[in-house]
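> Each chain is listed here by its residues.
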Amino acid sequence: MSVHTPHPDLPPPLSSVGFIGWCRSNLFSTPMHTALSLFAMYLIYLTVPPIISWVFLDATWVGDTREACASSTGACWVFVKVRINQFMYGFFPETEYWRINLAFGLLIVLGIPLFLKRFQHKGKLAAFILIFYPIITFQLFSGGNFGLTHVETSKWGGLSLTLILAGVGIVASLPLGIVLALGRRSKMPIVKSVCVVFIEFWRGVPLITVLFMSSVMLPLFLPEGTNFDKLLRAMIGIALFQSAYMAEVVRGGLAAIPKGQYEAAEALGLSFWKSMGLIILPQALKLVIPGIVNTFIALFKDTTLVLIIGLFDLLAIIQQAFADPDWLGYSIEGYVFAASIFWIFCFSMSRYSMSLEKKLHTGHVR
Amino acid sequence: MADEKRTVSEPAKPALWRRPAVRSVFFQILLVAGIVYFGNTIFQNTLNNLEQRGISTGFGFLDQEAGFGILMTLLPFDETHTYGRTFLVGLLNTLLVAGLGIFFATLIGFVMGVARLSRNWIISRLATIYIEIFRNIPLLLQILFWYFAVLRPLPGPRQSLILNDTFYLSNRGLYMPSPVYEQGFWLVMVALGIATVASILIARWAHKRQEATGQQFHTVITVIGLVIGLPLLAFLVMGMPLSWDFPVLQRFNMAGGMVIIPELAALLVALSIYTGAFIAEAVRSGILAVSHGQTEAAHALGLRPGSTLRLVVIPQALRVIIPQLTSQYLNLTKNSSLATAIGYPDLVAVFAGTTLNQTGQAVEVIAMTMAVYLAISLSISMFMNWYNKRIQLVER
Amino acid sequence: MSETDNTSSQSQASGDVTIQMRGVHKWYGQFHVLKDINLEVTRGERIVICGPSGSGKSTMIRCINRLEEHQKGQIIVDGTELTDDVKHIDQVRKEVGMVFQHFNLFPHLTVLENCCLAPIWVRKMPRKEAEAAAMLYLEKVKIPEQAKKYPGQLSGGQQQRVAIARSLCMNPNVMLFDEPTSALDPEMIKEVLDTMIELAESGMTMLCVTHEMGFAKTVADRVIFMDGGEIIEENEPHEFFNNPQSDRTQLFLSQILQH
Ligand SMILES: Nc1ncnc2c1ncn2[C@@H]1O[C@H](COP(=O)(O)OP(=O)(O)OP(=O)(O)O)[C@@H](O)[C@H]1O
Ligand SMILES: [Mg+2]
Chain Y
5 MSVHTPHPDL PPPLSSVGFI GWCRSNLFST PMHTALSLFA MYLIYLTVPP
55 IISWVFLDAT WVGDTREACA SSTGACWVFV KVRINQFMYG FFPETEYWRI
105 NLAFGLLIVL GIPLFLKRFQ HKGKLAAFIL IFYPIITFQL FSGGNFGLTH
155 VETSKWGGLS LTLILAGVGI VASLPLGIVL ALGRRSKMPI VKSVCVVFIE
205 FWRGVPLITV LFMSSVMLPL FLPEGTNFDK LLRAMIGIAL FQSAYMAEVV
255 RGGLAAIPKG QYEAAEALGL SFWKSMGLII LPQALKLVIP GIVNTFIALF
305 KDTTLVLIIG LFDLLAIIQQ AFADPDWLGY SIEGYVFAAS IFWIFCFSMS
355 RYSMSLEKKL HTGHVR
Chain A
538 MADEKRTVSE PAKPALWRRP AVRSVFFQIL LVAGIVYFGN TIFQNTLNNL
588 EQRGISTGFG FLDQEAGFGI LMTLLPFDET HTYGRTFLVG LLNTLLVAGL
638 GIFFATLIGF VMGVARLSRN WIISRLATIY IEIFRNIPLL LQILFWYFAV
688 LRPLPGPRQS LILNDTFYLS NRGLYMPSPV YEQGFWLVMV ALGIATVASI
738 LIARWAHKRQ EATGQQFHTV ITVIGLVIGL PLLAFLVMGM PLSWDFPVLQ
788 RFNMAGGMVI IPELAALLVA LSIYTGAFIA EAVRSGILAV SHGQTEAAHA
838 LGLRPGSTLR LVVIPQALRV IIPQLTSQYL NLTKNSSLAT AIGYPDLVAV
888 FAGTTLNQTG QAVEVIAMTM AVYLAISLSI SMFMNWYNKR IQLVER
Chain V
960 MSETDNTSSQ SQASGDVTIQ MRGVHKWYGQ FHVLKDINLE VTRGERIVIC
1010 GPSGSGKSTM IRCINRLEEH QKGQIIVDGT ELTDDVKHID QVRKEVGMVF
1060 QHFNLFPHLT VLENCCLAPI WVRKMPRKEA EAAAMLYLEK VKIPEQAKKY
1110 PGQLSGGQQQ RVAIARSLCM NPNVMLFDEP TSALDPEMIK EVLDTMIELA
1160 ESGMTMLCVT HEMGFAKTVA DRVIFMDGGE IIEENEPHEF FNNPQSDRTQ
1210 LFLSQILQH
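Protein chains in written order, with the working numbering: chain Y, 5 to 370; chain A, 538 to 933; chain V, 960 to 1218.
Bear in mind the hints are in silico, worked out from the structure with no lab data behind them.
None of the hints are false.
According to the in silico footprint, chain Y covers these stretches of chain V (three or more CB under 8 Å from chain Y):
(1) 975-989
(2) 1200-1207
Lysine-lysine pairs mimicking DSS-like chemistry, simulated, CA-CA at most 27 Å apart:
(3) V:Lys1107 <-> A:Lys745
(4) Y:Lys362 <-> Y:Lys290
(5) Y:Lys234 <-> Y:Lys159
(6) A:Lys926 <-> Y:Lys263
(7) V:Lys1083 <-> V:Lys1108
(8) Y:Lys196 <-> A:Lys926
(9) Y:Lys191 <-> A:Lys926
(10) V:Lys1108 <-> A:Lys926
(11) A:Lys745 <-> V:Lys1083
(12) V:Lys1176 <-> V:Lys1149
(13) V:Lys1107 <-> A:Lys926
(14) V:Lys1099 <-> V:Lys1087
(15) V:Lys1108 <-> A:Lys745
(16) V:Lys1087 <-> A:Lys745
(17) Y:Lys126 <-> Y:Lys362
(18) V:Lys1176 <-> V:Lys1101
(19) V:Lys1149 <-> V:Lys1101
Cβ coordinates follow ideal geometry from the N, Cα and C atoms, glycine included.
Chain Y with its partners taken away, still in its complex shape:
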């Protein structure tokens, strides 16, 4: 019997590893790829350096008047700087900014445990955030009680309004969406068709017509003399619209729960609502968190549409700032600023939902 001694590993031929090997297989593998790579590099050379110097190198960061930017060829971030408070808080009285800060600070503090692995009461905390947190936030924003001065909704604006609209949209649409999803899966024909018609109607029309409807038709629907807030009307429109999308997401989750779970719940003698509330929904909702995050991203971007019915969300308030005769001609800076904020929010949320999806998938496979 011979004793086997394995051959030592040899290094690969030089041309296939290292920087050269990498370039060869990833950039210059064929003549066509070589041409494409060179073209792409040329394109990058043409665009990236000017953008970098406009945004950073040649940009003006200090000063607080238009004159500070007069001599530079880069971006004039002074424009954003002098209006940053407005962009964030809208027309909220400056002395009351702390209320908005407190509201969002609270959300962050409450939200952190949700992402901690070891925290046990995630469900309860989430329920608290969905039910009580909005009430607290409304008190903080609107005031009128507890010695807080009242701030009209027409003063709300900027990024805080954008967040509020998106938040209300998601919080209000979740319960409605769950009910609609259950209704659509119901065996009762009338309940089912009502839900189908409701869902398909909202999904079939553009949000902008919904906003028009809520701003011009809603007042007609109500008894004479009732007149209510423009912001509230927009919120109702957004919530109804969003609930239809939410319903479809939840329905996907309900469909993904194996039949055995429904049967097991029934076999335990649980009533419909108990089996839904205790067994099916907790599982289904967990499954659809990535889907909910994705609809939230869509909603977050869609809130900009309130600009068209005259509310001042982040985009609208920036757009409105362009009209300032002191600051004409700085629209690109404004748009870039708005775009970066929206981008950071949406991109990070989409990454989060992707990582969740991955986790769920591995959970199912193994």
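Starting from the known structure of chain Y, fit chains A and V with the ligands onto it as the hints suggest.
Relative to the frame of chain Y, chains A and V with the ligands by itself:
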């Protein structure tokens, strides 16, 4: 005997309100009653409110004179036309921008989706950057950007950016030559028709011949040659019966040629780029859904990369791509309503905007507008259901 | 068809050697997967390749039809050397059939269409002829009645037999099997192995990566043991199992024969 009878007798009947069937009927009656009551209240309130404000009801306003002009129309339109015609004009403008947008978005989306999967690192990186940037910025912001930050600040017509004395880009839009068909152009069209018919026949023949003898035929090259060559021949034979109407710079404006107004251009660019990013993702996920084993098996059987793509990968990828693609088309069509924000005269801007403001007949106008979008959505989702049924892979 | 005959008659220089691997090396990045592989397979020979997981068995047989590229050494199949040349690759792939662990049938085509695809598009056969040939092979693997079904409607064993028939439709000289039974339930393994045994008896040149030692004992002319990217031992089955030469082989055999 008596015992047996008892065992097969029906189960004892519970009280009425405990029976699921009764409960469900009762609950549904309640629901219908609720909806009817709710609908009726709204109806009465609305009638009251309208009467109070002195707004008429019904669709009579559609025959009234509109009295306003529209920036861009595909039908002849001026102030003397009716509100009914504003609806039509707006609808056509919506369909125009949606159709063009779908075309460009599909083009961008497929190129970018394939590029993202490229073996070429830099190309796939660039595609990723494109997708991640434009997907995550609100569409309205992009529309406003292209309109207010890019196209509007362009110089006026007199300082147009000129390419070749044929294209003029200014804040009035992109002016370009329009074709003028002269006598004899009909033959070119006829030639094109003949070439199309011939191509179909050739494709059929080639298919039949391959079935029968196995010989393959370069159908694609032949068809391209035919469709380009035959009309070209007719064009030359008739003495080139086509001329161009070039745009000319006049004192204050441009004359002649055709123009893409900046509103349309901004909307189109934003819609195509935004939706293109989503389509790219759909294309990518579709291609990735075809497992690597499929291509390997095809290669092992001796199929070339091109045939593998055509016979194995694409048919499977399309099952994933097409449903997502149609839903993106639907989104694009609905999103084209953001035209309102920059004044492109689409259905929402013209009809739900100006016409509504002038007539005040919110209920009718909004209902008509929504009905259009609903009809488009429903017909597309009906197509989708049909398609999904047809392509479903047969599983046990 | 005539092309094929030409090349196979060219290769007679070294007797009737079908596959020749000389000093083949392969790397995945920095990882040395195949180390100095030397192997000759003569026409009609049946070879079983075994070895622990990750030892490079799949990689080696996938180099034979160029699903993987080797970076050093020579691989000659039926007189055609595998290089970057697309013509050569096409030539070799026409002659070499492969059966995968996970079948890799095309789910959007029926069983019959799966079998006809390559003959029609690669061998340029008329459809009628290709279908007739395919039915013949489907009968050989004993599932002609499933021809109109889709792969998703078949059991694992049936799918694998379709995959074998699909490869045979190209009329290959060599068949490669990469663990064809390891994704199957025990009762289905037998039907696939029976098909493979029948194929072996008909004189097909076969290279099988498999852990079915019973199959190796009854069918193989030669058993090859691989570990760490090398061929450690090759011998005829009786000797291989009863009198392994290397300590590494002995260890491996004792491990798999325990169960
Ligand atoms: N595409 C790849 N990139 C990098 N490493 C790879 C790749 N494919 C295989 N390897 C590595 O090469 C080694 C040999 O892989 P191979 O699939 O040939 O093993 P095997 O003997 O077939 O094992 P098994 O019995 O598990 O199929 C393994 O260590 C594997 O991790
Ligand atoms: Mg393997």
